[in-house]
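Protein chains in written order, with our numbering: chain Z, 155 to 344; chain X, 3 to 68.
Think of the hints as simulated: they come from the structure by calculation, not from any bench.
Just so you know, even glycine gets a beta-carbon here, dropped at the ideal spot from N, CA and C.
A portion of the hints provided could be inaccurate.
To be verified - Simulated coverage check for chain X against chain Z, where a stretch passes if three residues somewhere in it have a Cβ under 8 Å from a Cβ of chain Z:
#1 12-22
#2 29-42
#3 55-62
Claimed, not checked - Below 30 Å or equal to it, Euclidean Cα-Cα: the simulated DSBU-like pairs (lysine-lysine) are:
#4 Z:K231 x Z:K158
#5 X:K22 x Z:K158
#6 X:K38 x X:K4
#7 X:K5 x Z:K231
#8 Z:K158 x X:K38
#9 Z:K236 x Z:K159
#10 Z:K158 x X:K4
#11 X:K5 x Z:K225
#12 Z:K221 x Z:K159
#13 Z:K231 x X:K52
#14 Z:K341 x Z:K231
#15 Z:K221 x X:K22
#16 X:K52 x Z:K159
#17 X:K5 x Z:K341
#18 Z:K158 x X:K5
Claimed, not checked - Coverage of chain Z stretches by chain X, computed from C-beta distances (three or more under 8 Å per stretch; other residues unrestricted):
#19 237-245
#20 313-323
#21 332-339
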Amino acid sequence: MAKKKNWYDYLWIASSFYILLGFFNILFAWVGLICFLVPFIMSLTGGKKGYCNRYCGRGQLFSILGKRFSKNLPIPKWLYSKWFRYGFLVFFMTMFANMVFSTYLVFSGVNTLREGVTLLWSFSLPWHFAASAAPIPDWIKQFAFGFYSLMLTSTLLGLVTMVLFRPRTWCVYCPMGTMTQLVCKAKYKD
Amino acid sequence: MKKTAILETNSCVSCGCCEKSCPRDAIAVYNGIYAKVEQELCIGCGLCVKACPADIISLREVSSIG
């Protein structure tokens with residue numbers, strides 16, 4: 155029996171638009187902070203893992219695409235081992251901090267704005283076509299490029315593991331999922 | 003013999019995929035830490051087994067609950 159759909163079951167549309175909009179105007183990347191802040195705030199304020207369980211548009215998108223494109227094979231054990239999940243969380247947060255530092259360097263005038271997106275923390279792609287001409291400080295634009303790089307990279311990783319394994323394999327090593335679970339573990343220790 | 007879902011609590015990533023898939027609301031994420039199965043409600047359909055991205059849910063035969 156199919157469950158009744160709620161408004162939040164359609165958040166995958168917002169997630170798809172988010173990725174698309176980054177190809178047109180990089181400033182939309184800022185909206186992605188919602189995916190960082192909301193799960194964290196929810197877990198801290200008694201919402202537990204409600205974001206993952208209900209509102210994660212990216213997870214929904216993988217579920218939908220996975221129905222058609224996933225090989226639906228079991229995932230390797232190391233992928234859901236604690237060392238990998240926690241290791242990936244630390245790595246992801248380090249890269250996030252690095253991106254914030256790059257933004258600071260532009261803010262302080264040490265570096266100039268770099269209109270590019272870095273995929274998988276290694277491959278620089280020119281992204282000037284989505285650069286914004288808005289009369290706003292360069293650091294705001296730099297953060298958008300950096301943050302969109304993170305979001306595009308994680309979407310790409312999620313898509314690859316969606317095809318290779320289960321549709322929502324990303325959920326297993328999603329840094330936000332791991333972090334909110336850690337918050338819940340600390341908060342609701344038996 | 004009745005079948006029921008059993009999961010490896012320690013490896014659960016609490017993503018909630020199982021919760022969404024269950025037609026009987028027999029499985030739910032407990033305190034955001036791990037999923038828990040209500041044996042009385044579980045009909046052993048196996049939908050959660052398929053939905054779990056970490057493959058930590060399996061079906062086991064249990065003697066019917068009296």
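query: CA of K22 of chain X to CA of K158 of chain Z, is that 30 Å or under?
result: holds, 11 Å
query: Is K231 of chain Z within 30 Å of K52 of chain X, Cα to Cα?
result: Answer holds: K231 of chain Z to K52 of chain X is near 16 Å, not above 30 Å.
Satisfaction of hint between K158 of chain Z and K231 of chain Z, Cα-Cα up to 30 Å: Violated: K231 of chain Z and K158 of chain Z sit about 34 Å apart, past 30 Å.
- prompt: Taking a Cβ-Cβ distance under 8 Å as contact, does the stretch 29-42 of chain X have three or more residues in contact with chain Z?
  reply: holds (count 4)
Restraint status (C-alpha distance of K341 of chain Z to K231 of chain Z at most 30 Å): holds, 27 Å
query: For the pair supplied as a hint, K236 of chain Z and K159 of chain Z, is the alpha-carbon distance within the 30 Å limit?
result: violated, 33 Å
message: Against the 30 Å threshold, does the CA-CA distance of K5 of chain X and K225 of chain Z hold or violate the hint?
response: holds, 26 Å
query: Given the proposed pairing of K38 of chain X with K4 of chain X, does the C-alpha separation stay at or below 30 Å?
result: holds, 18 Å
- prompt: Within 30 Å, alpha carbon to alpha carbon, are K158 of chain Z and K38 of chain X?
  reply: holds, 22 Å
message: At least three residues with a C-beta closer than 8 Å to a C-beta of chain X: is that true for the stretch 237-245 of chain Z?
response: Answer violated; 1 residues pass the 8 Å Cβ test.
field: 8 Å C-beta test of the stretch 12-22 of chain X against chain Z, three or more residues
entry: Since three or more residues must qualify, the claim that chain Z covers the stretch 12-22 of chain X holds, with 8 doing so at under 8 Å.
message: Please verify whether K158 of chain Z and K5 of chain X have alpha carbons no more than 30 Å apart.
response: holds, 26 Å
Checked against the numbered hints given earlier, the structure breaks hints 4, 9, 17, 19 and satisfies all the rest.
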